[in-house]
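Visitor: In the order they appear, the protein sequences are chains A and B.
Quick note on numbering: the first sequence equals residues 167 to 375 in the numbering used here.
Quick note on numbering: the second sequence equals residues 167 to 375 in the numbering used here.
Keep in mind that a hint or two might mislead.
It does not matter which identical chain is used: a pair holds within one copy or between any two.
Here are the simulated SDA-like pairs of lysine to any residue, each with C-alpha atoms no more than 25 Å apart in a straight line [to be verified]:
1) Lys178 with Val209
2) Lys373 with Pro311
3) Lys278 with Arg215
4) Lys291 with Tyr267
5) Lys248 with Ala286
6) Lys373 with Val276
7) Lys192 with Asn329
8) Lys248 with Gln325
9) Lys192 with Pro320
10) Lys373 with Arg182
11) Lys178 with Asn372
12) Lys178 with Gly289
13) Lys278 with Ser363
14) Lys178 with Gln322
15) Lys192 with Asn251
16) Lys291 with Glu202
17) Lys178 with Ser299
18) Lys278 with Glu201
19) Lys178 with Tyr369
20) Lys269 with Leu360
21) Lys278 with Ile172
22) Lys269 with Asp189
23) Lys278 with Asn359
24) Lys192 with Ile361
25) Lys373 with Gly258
26) Lys291 with Tyr186
27) Lys278 with Lys373
28) Lys373 with Asn272
29) Lys278 with Met207
Simulated from the structure, these hints should not be mistaken for lab results.
There are 2 protein chains.
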Amino acid sequence: MEGKQISAAVIKRLPRYFRYLQDLQKENVERISSEELSRRMGVTASQIRQDLNNFGGFGQQGYGYNVEYLKTEIGRILGLDKTHNMIIIGGGNLGKALAGYAKFENRGFVLKGIFDNNPALIGTKIRDVSVMSIEHLEEFLAEQPVSIATLAIPTQDAQQIANRLVACGIRAIWNFAHVDLVVPEHVYVENMNLIESLMQLSYRLNKDH
Amino acid sequence: MEGKQISAAVIKRLPRYFRYLQDLQKENVERISSEELSRRMGVTASQIRQDLNNFGGFGQQGYGYNVEYLKTEIGRILGLDKTHNMIIIGGGNLGKALAGYAKFENRGFVLKGIFDNNPALIGTKIRDVSVMSIEHLEEFLAEQPVSIATLAIPTQDAQQIANRLVACGIRAIWNFAHVDLVVPEHVYVENMNLIESLMQLSYRLNKDH
Chain A
167 MEGKQISAAV
177 IKRLPRYFRY
187 LQDLQKENVE
197 RISSEELSRR
207 MGVTASQIRQ
217 DLNNFGGFGQ
227 QGYGYNVEYL
237 KTEIGRILGL
247 DKTHNMIIIG
257 GGNLGKALAG
267 YAKFENRGFV
277 LKGIFDNNPA
287 LIGTKIRDVS
297 VMSIEHLEEF
307 LAEQPVSIAT
317 LAIPTQDAQQ
327 IANRLVACGI
337 RAIWNFAHVD
347 LVVPEHVYVE
357 NMNLIESLMQ
367 LSYRLNKDH
Chain B
167 MEGKQISAAV
177 IKRLPRYFRY
187 LQDLQKENVE
197 RISSEELSRR
207 MGVTASQIRQ
217 DLNNFGGFGQ
227 QGYGYNVEYL
237 KTEIGRILGL
247 DKTHNMIIIG
257 GGNLGKALAG
267 YAKFENRGFV
277 LKGIFDNNPA
287 LIGTKIRDVS
297 VMSIEHLEEF
307 LAEQPVSIAT
317 LAIPTQDAQQ
327 IANRLVACGI
337 RAIWNFAHVD
347 LVVPEHVYVE
357 NMNLIESLMQ
367 LSYRLNKDH
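One chain only, chain A, in its complex shape (with noise of 0.2 Å):
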């Protein structure tokens, strides 16, 4: 990548188009078409071809795409070749489900450590992984290299933790909290608002009527 600016919603195609590129794999097909392949994701041919180019192309004119070599290059520009420390700030229920999410490690997201400020969670394990005390966070990140953090806390929490977990060095930040984070430029927040996706669906029943 010669650091051109790929855009936003390229990147969020492209973990559709490594999931795809699996199951054509599972099913045995070496070769596809971007006509082939935009019939099965419902895309046009030409937004398949224009996204891949932005990463050089993969395809040969007329041969389609190798299933395989695209498959291996979509999930390196995906860092998925690397392994990624994961710790999750907040062992409820929702900290609870994302912890016991093993399709995670499957995918090279390894699970370091829960924290919680709740002294009845402290010290329990969520699959083989102990919940600590928030206070000892910036210990732990001292120590071990993480670079993902999930915040899995209420939403008037989740701003004083998220500075907490910059000034560690983290750089990537998966957000449930119903809150912007405001953040510097070089960390990343990849938000997942529950409510607000549940909204959308309601605009739309809305809508109908």
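Assemble the complex: chain A is given as a structure, and chain B must be docked to it using the hints.
Guide: Positioned in the frame of chain A, the structure of chain B alone reads:
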């Protein structure tokens, strides 16, 4: 709404307007200019005016927006003045976390039932809601008006369950399974793809190296 087609991007932004207006109301702010709202939300004032013009404007030249009125109107557009009955398919960790998320009820999303195929879960309760056998899904939906079904089940089961839900008249699916559901045009699917969201963070971390 006079049948005008509102873009998905605008719809996606509406819940965020709603949230900021709600916060302003808590701060007892009665009026706000598009410039001040733009500063708070980190979008341009012209985008705010354009977005709101899709629904008739709401603002008065030189006076800005009436916070309470605008919040109420956006809430109405989002269907938040109504109650939406909801069920969750899947009583595992994620289903439990979603069932326990009380914020949904405050916004009018009322959980009516949880379904699973695991005998160990059937008959248990999550909050006040019973986990029922998935075999009774059709029966339940014939008796209870439900508009939103949440899928918190493994990928391989999702399409088949979606088919059953659609056959029962469900028009909105909140999908946490890692698959693109095929549904008729009148059914809305809102995808919450956890792993693809994480992959976007990993892309951004990867790009920095």
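Visitor: Would you mind marking each hint as holding or not holding in the structure?
Guide: Status of the hints after comparison with the structure:
1. Lys178 with Val209: both (14 Å within a copy, 20 Å between copies)
2. Lys373 with Pro311: Between copies, since 18 Å is at most 25 Å while 48 Å is not.
3. Lys278 with Arg215: Neither: 38 Å inside a chain and 45 Å across chains, both beyond 25 Å.
4. Lys291 with Tyr267: both (15 Å within a copy, 22 Å between copies)
5. Lys248 with Ala286: Answer is neither: 35 Å inside a copy and 38 Å across each miss the 25 Å cutoff.
6. Lys373 with Val276: Answer is between; shortest inter-copy Cα gap is 19 Å, intra-copy 42 Å.
7. Lys192 with Asn329: Classified as between: cross-chain Cα gap 24 Å, same-chain 43 Å, threshold 25 Å.
8. Lys248 with Gln325: So Lys248 and Gln325 fail the 25 Å test inside a copy (29 Å) and across (31 Å) alike.
9. Lys192 with Pro320: Intra 40 Å, inter 17 Å, cutoff 25 Å: inter-copy only.
10. Lys373 with Arg182: between (28 Å within a copy, 18 Å between copies)
11. Lys178 with Asn372: between (27 Å within a copy, 15 Å between copies)
12. Lys178 with Gly289: neither (37 Å within a copy, 40 Å between copies)
13. Lys278 with Ser363: between (28 Å within a copy, 19 Å between copies)
14. Lys178 with Gln322: Between copies, since 23 Å is at most 25 Å while 28 Å is not.
15. Lys192 with Asn251: The answer is neither: 28 Å in one copy and 38 Å across copies each exceed 25 Å.
16. Lys291 with Glu202: Classified as neither: same-chain Cα gap 46 Å, cross-chain 46 Å, threshold 25 Å.
17. Lys178 with Ser299: neither (34 Å within a copy, 36 Å between copies)
18. Lys278 with Glu201: The answer is neither: 42 Å in one copy and 43 Å across copies each exceed 25 Å.
19. Lys178 with Tyr369: Intra 23 Å, inter 10 Å, cutoff 25 Å: intra and inter.
20. Lys269 with Leu360: Both: 20 Å inside a chain and 10 Å across chains, each within 25 Å.
21. Lys278 with Ile172: neither (31 Å within a copy, 43 Å between copies)
22. Lys269 with Asp189: Within one copy only: 15 Å inside a chain, 36 Å across chains, cut-off 25 Å.
23. Lys278 with Asn359: both (24 Å within a copy, 22 Å between copies)
24. Lys192 with Ile361: between (35 Å within a copy, 19 Å between copies)
25. Lys373 with Gly258: neither (35 Å within a copy, 32 Å between copies)
26. Lys291 with Tyr186: For Lys291 and Tyr186, neither the intra-copy (35 Å) nor the inter-copy (37 Å) Cα distance is at most 25 Å.
27. Lys278 with Lys373: Result: close only across copies, 23 Å inter versus 44 Å intra.
28. Lys373 with Asn272: Between copies only: 21 Å across chains, 40 Å inside a chain, cut-off 25 Å.
29. Lys278 with Met207: The answer is neither: 35 Å in one copy and 34 Å across copies each exceed 25 Å.
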